[in-house]
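> First to last, the protein sequences are chains A and B.
Note that my numbering has the first sequence beginning at 1061, numbered continuously upward.
Note that my numbering has the second sequence beginning at 12, numbered continuously upward.
Don't take every hint at face value.
Computed, partial: chain A to chain B, Cβ under 10 Å [unchecked claim]:
id, residue
1, 1082
2, 1087
3, 1088
4, 1090
5, 1104
6, 1169
7, 1170
8, 1182
9, 1205
Honestly, the hints are just simulated from the structure, not real lab data.
Don't be surprised by glycine CBs; every beta carbon is placed ideally from N, CA and C.
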Amino acid sequence: MGIFISMLLIVGADQLVKHLVVKFLSTGTDISIIDKFLSFCYVENRGAAFGVLQDSRWLFVAITVIAVGFLVWYVLTRKPKNKLLCTAIALIGGGAIGNFIDRLFFGRVIDFIRLDFINFPVFNLADTCLTIGVILLAIYIFISDKKGA
Amino acid sequence: MGENLTVRVTDKKNARLDKFISENFADITRSQAAHLIEDELVWVNGKSTNKKYLPVEGDEIKVILPSEKTIKAQDIPLSIVYEDDDVLVVDKPQGMVVHPAAGNDENTLVNALLFHCKHHLSDINGEMRPGILHRIDKDTSGLLLVAKTNDAHEKLAEQIQTHTLGRCYMALVHGNIKEDEFTIDRPIGRSQKDRKKMAVTEVHSKEAVTHFRVIERFTRYTLVRCQLETGRTHQIRVHMASAGHPVVGDKTYGVKNEEFSLKGQLLHACLLGFIHPKDGQYMEFTSQLPPYYKKVLEVLGKRVLKDF
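Next up, chain A with everything else stripped away, as it sits in the complex:
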């Protein structure tokens, strides 16, 4: 149950932040947070994470449904106990659902975090959770593989 509550909290936080971004950031205006390092800007993204594969809305909706469905099935049947694995699943699920809501209801995702020191697409909180979740999952797989061997 804990995993699902964490997922919902992540989704809630992501949606709240996006709501604030829509309300307070305007199109074309960049707000510098840390000079030449981090800034906020409002971008409507019509692709997948990090702006790749523009305009394939339904493909991503389908992929998300399958991925989240699998996560839910996995949690319910396997009942994972490992903290690292549980955190990874919550982050991946929460991040995926966060952007899924935007894509399904509005056909676009709100992005707002921009790194100014590298050439990297604008992203959001859900992307960040998803990425950290995947990294944690990779670490978990790596560790459990070693243990198993």
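Assemble the complex: chain A is given as a structure, and chain B must be docked to it using the hints.
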């Protein structure tokens, strides 16, 4: 392609590239050199660079001179909005290239202008661009100002430099924009990933400012009026794409699966205002959206009615 000239740098200290070329090649002026550099016809050690580059000892500088072949005057019908002895305002159709470039020296607006004006066009901007003061992209339609005399060219070019030339565009973009008015102030330069594209970047870029005003909102599209403060290559298209609202039909910066089948971006230069170089009077011209553009708006308008 024409003749090539090569020189090896022997001095330790040198002037910047455009000046260096004008000093080392007798027939090339500094502004011509700057144009050649911009057109990537100057190579330093096999690579193109910018005019501010400072040559160092041992550099091999190669200048590729465009062939002296004169540009052909062609009888292509033009929509001339205004014309007098000094200036001309033309409504360029979508798909027409403004001026000849390497590999493409026919069927451009310049070929048509040469025929129409019987070669009475300014020649300051070089043989490839007679009369041309500013460009609009091949797939962008609308008003373009042309100088017929060198005097007019200089005065109008100054208005472009000081941003007093009025230029407005109508763009249909993806998404429903929430603001009624907004400004995008993001520098534009060549994309690091794809040299043929422009991009919002901090690297080797120039300041770019566009003001936008929403004219009409459709469910998933917005019609915006764009006013240029600067005139960088692909400025409106790059700025709108950077905000996640690419211009509809844009094959370079837009979305892949467009709902409408279009030849290019729905971007139309609808207003042009300038101070006449001779009598100092302000003149302003407007141009209607082309039929294929209006048709898309009509389809969208009907759909909005159906949604209610």
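> Against each hint, give a clear statement of whether it holds in the structure.
Checked hints:
1. 1082: Hint holds; residue 1082 of chain A Cβ to chain B Cβ min 7 Å, cut 10 Å.
2. 1087: 5 Å, holds
3. 1088: Because about 4 Å separates residue 1088 of chain A from the closest Cβ in chain B, which is inside the 10 Å limit, the hint holds.
4. 1090: 7 Å, holds
5. 1104: 3 Å, holds
6. 1169: OK, holds: residue 1169 of chain A within 10 Å of chain B, min 9 Å.
7. 1170: Holds: closest Cβ of chain B sits about 9 Å from residue 1170 of chain A, inside 10 Å.
8. 1182: 8 Å, holds
9. 1205: 35 Å, violated
Comparing the model with each earlier hint shows a violation of hint 9 alone; every other hint is respected.
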